[in-house]
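K.L.:
In case you want the letters, here they are:
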Amino acid sequence: MAKNDLQGALDLLILKTLSQLSSMHGYGIVNHIRRVSDELLIVEEGSLYPALHRMEQNGWVRSNWAITDYGRKAKWYSLTRAGREQLAAREKNWEQVVKGVAAILRFA
Amino acid sequence: MGLLRRIVTLGRRTRMERENEAELREHMQMCIDDNVATGMSREVAEREARLRFGSPVAARERVSEEDAALGIESLWRDVRMALRGFAKSPGFSIVVVATLALGIGANTAIFELLDALRLRTLPVVRPNELAELRIVGGNHGFGISDGMFMNFTIPMWQEVKDHHDPFSGVFAWRMNDLLVGTPSESRRVNGLEVSGGFFSTLGVTPWQGRLIEAQDDSICQLTKVVASYGFWKSQMGGVPITANTTMVVEGKTVQVLGVTPPSFFGMEVGNHFDLAYPTCTPPKPRREIFVYSVMGRLKPGWSMKQAFDYFNALSPGLFEKTAPSGYSADSVKTFTSFRLGAYPAGAGVSYLREAYSSSLNYLLAITGLVLLIACANLANLMLARSSRKQREMAIRMALGATRTRILRQMLMESALLALFGSGLGVALAQPLSRALVASLDTSRSSIHLVVAADWRVVLFAAAVGAATCILCGTVPALRSTKADPVSSIRSGERGVMGNRERFWMQRMMVVTQVGVSMVLLVGALLFVRSYRNLATLNPGFRESGIVVGYFGFGGLHLKQENLTAFKRQLVDDVRTLPGIENATATNNTPLGGGSWSHTIDMGALSGPSRFTYVSPTYFATLGIPILTGRGFTDEDRSDTPLVLIVNQKFIRQFVRSPSPIGQHVHVRPEPDYPERIYEIVGTIPDTKYSDLREEQQAMAFVPADQKPATSERPGMAMMIASRDAAGVERTVRQLFDQRHPGMNMQFFDFEQGIRDNLVGDRLMAMLSGAFGVLAALLVVVGLYGVLSYFLAQRKGEIGIRIALGASRGRVIGDLLRDAGKMLIIGLAFGSVLALLAGRQASTMVFGLKPWDPVTLIAAATLLAVVTTVASLIPALKAARVNPVDSLRTE
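Heads up: the protein sequence lines correspond to chains A and B, in order.
Here the first sequence stands for residues 211 to 318, where the numbers follow my numbering.
Here the second sequence stands for residues 1075 to 1964, where the numbers follow my numbering.
With the rest of the complex left out, here is chain A (with noise of 0.2 Å):
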């Protein structure tokens, strides 16, 4: 079953965003969430930089310092193998969590 859905959620979004783009700051982060739900979406900073930092020291994400395409020096952040281990999990986790949730909205 999913626990911790909310900060779930917020792991999820991160993992799949950065195995998508393979390698990205936390702006960019932010920006592509932002961008694929069509502004549905927004990731506060205020949460993002922990989970960034979170999933850093559970060895899910790896980080290195680069310059950005505008010229600002950015940490960036990419997947590890743990990572792409864990996002796996979680895409099936939430699978259920959404599955569980549209059963309850369907019962009238």
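Be aware that one or more of the hints could be misleading.
Said to hold, decoys possible - Cβ pair distances, simulated, as ranges:
id : chain 1 : residue 1 : chain 2 : residue 2 : range
1  : A       : Glu254    : B       : Pro1164   : 42 to 48 Å
2  : B       : Met1155   : A       : Ala276    : 31 to 37 Å
3  : B       : Arg1092   : A       : Ser233    : 20 to 26 Å
4  : A       : Ser233    : B       : Met1155   : 35 to 41 Å
Said to hold, decoys possible - Chain A residues, not near chain B, derived (Cβ > 12 Å throughout):
id : residue
5  : Leu251
6  : Leu297
7  : Glu301
Hint data in this document are derived by calculation from the structure and do not stem from the laboratory.
Glycine included, every Cβ here is placed at the ideal spot set by N, Cα and C.
Chain A is fixed; fit chain B onto it per the hints.
P.N.:
Leaving out everything else, chain B in the frame of chain A:
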């Protein structure tokens, strides 16, 4: 891996912090860049980015929180922060650390003694394999016991020496005083008589030369000794042992074989030996005198239980074979029904252990309770401090510090305090426990106890420290982080009335303190009064101005049949000396701990009675009145009718006729004491016999001249009454040195000897008294602190009330009523606890019931008085609150 990284990144906090800052700053910049790209002005773009980002400080805190490297890093930061906090309030820190150090120090000191007496094993090879053989349930006073741990006769030991399947080695030993040096300047040292297997079974290896071995056993002349390291160093100058090293022991020149290692002190914890010498088996050993302690080392594969069963099974044959003759059939049957058992002996034997174990347990409990009170005080102090810091905490939480962060930081403070406290406490414990040991020393015996902080002691101190940290740190920390930041900031540093529940914890702690100190005060009063009862107890005879002299004249080689006359002459000689009031011989000095009994029959009644053989002058010397009949006279000789003087207990126990005078008493035979019939000629009041605490014993006195000639030994005790106690020793020595050169003399003050026996009670009285006072003081301080704190919190409220017209008396009354409520609940709770605790201590108090109402009332009154005084000061201060001042600050 995680931990490794934490350690690697330790000390790089600033770098990590800078990195995090850079990351967030760059994020912001990118945001601004994008905003500018969409056509905003620089200013608007920055504003928009900041709005979106929120508080950068909070964000940074939260990111840092996630960084594991900060786990240890922030620990260090917490330590530094706590230290800074201590430096800022040195008074607070010193009080806390000193209280903890004293509390933990006292606990650790007592524990060190317990550890040295009970837990530590002998410094020998694999001490846990050692077993002591004892008669199960003791020998019931059969025969003569030569000392406290002596439970084997020589024939019994010889049997075990030949039959000990469970043991790989077995040995016998005893402590026995030896005279060292020439007769003119001889002194007593602690001798240790050991069988040949002693050192080899224990696994003690020589420090110098060789130790006593099996081959030394057979020689029945004292020719060889082994010195302890201490004796060798201090008395022999530490000169290397050679084949020619000799010394004079018991008047003979003996060879010193070697020296034992420094750690080996013998078998008795609390005592130490000076010289060890081989056992000697006389051709016809006495079968009723218990002289040895016998121990063995278990063979591999044998358990203590199996050994126990083995010796139990061996017992019937053993006791049948070694039964003494000259006893009545009943007594012999008692002897042959004895059974041997094997008991763990890895910790050695100890008189101290048996005498002071329960005292030490109580002291540990007492010091533990004092520490508990101190902890409550500290917790209150911390609570007050943390509520003063409420605003600071609220601001930090509002700025984004998490609750765990603040909790951890506060716990770090108390952990550091506990660490300093227990460190200092361990250091303090050493001198404290040494002082305790020294206070148990008496004029006649000194204690040699190795008191050291071993791992158990350190562990104990650490556990106590951790417990205090949890007790006095956690609760305040939890409380202060639970507060809602918004209301905290709004209400400023003053508590808002209405959240009254915030005080219940302080109140509860005061109640606990009062209760616990009630227990301590009751205990203190009980022990002090018990000691006073003992010290002022009238034993029924004169104590002061009496010198006890021991005379040994084995060296004079007197004939057995002349001993009685010689002893009488000695008493007569002493009595004629100037300055001496009276003197008497006695085979047992009262309250000296020894005892001598015979089993008697009077008609259908029979049982043991104490027997003392005394000069006719005994009752006059000790000031004991003859109640009925007559005293002894010089006419009561061995060839005149056998006479007896008995005490009241004897009459109650054995005499059924209207008058005891003229009644006959049958005494059962024992070796050297033939069967006899005495006639009671006089009665005396009850007097104490061997110990102040013991129940009254049935006692009978026999004229010294009528002591069976076969039982006479070349030694005697004399009690000499004189106003000039110090002069007695000098004049008596002078006389006998001249008249009987070679006679041994030892003197001690009778009263001092009795006081020495109370040294344990005195210690309990002193310590429990001191701790009781300390507890009361701590309660005063605690209550004062809490009430002052309440007052500080409620200043505004009190100001308003005074402004609205409340009288000052009313305000004082309110505060006092508050204190009174806590006091009453505490006293009720304490009385129950004290009664429960008193039941446990009932065996230790003398002449008092543990539920003694006077003691309870006295303790309660004392506490009531001191707490009232403690609460008056803050109450009066409250009445002086100036409403204008307190309202202005609102």
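K.L.:
Does each hint hold? Answer for all of them.
P.N.:
Hints, one by one, checked against the model:
no., hint, verdict
1, A/Glu254 x B/Pro1164: 42 to 48 Å, "holds (45 Å)"
2, B/Met1155 x A/Ala276: 31 to 37 Å, "holds (36 Å)"
3, B/Arg1092 x A/Ser233: 20 to 26 Å, "holds (23 Å)"
4, A/Ser233 x B/Met1155: 35 to 41 Å, "holds (38 Å)"
5, Leu251, "holds (15 Å)"
6, Leu297, "holds (19 Å)"
7, Glu301, "holds (23 Å)"
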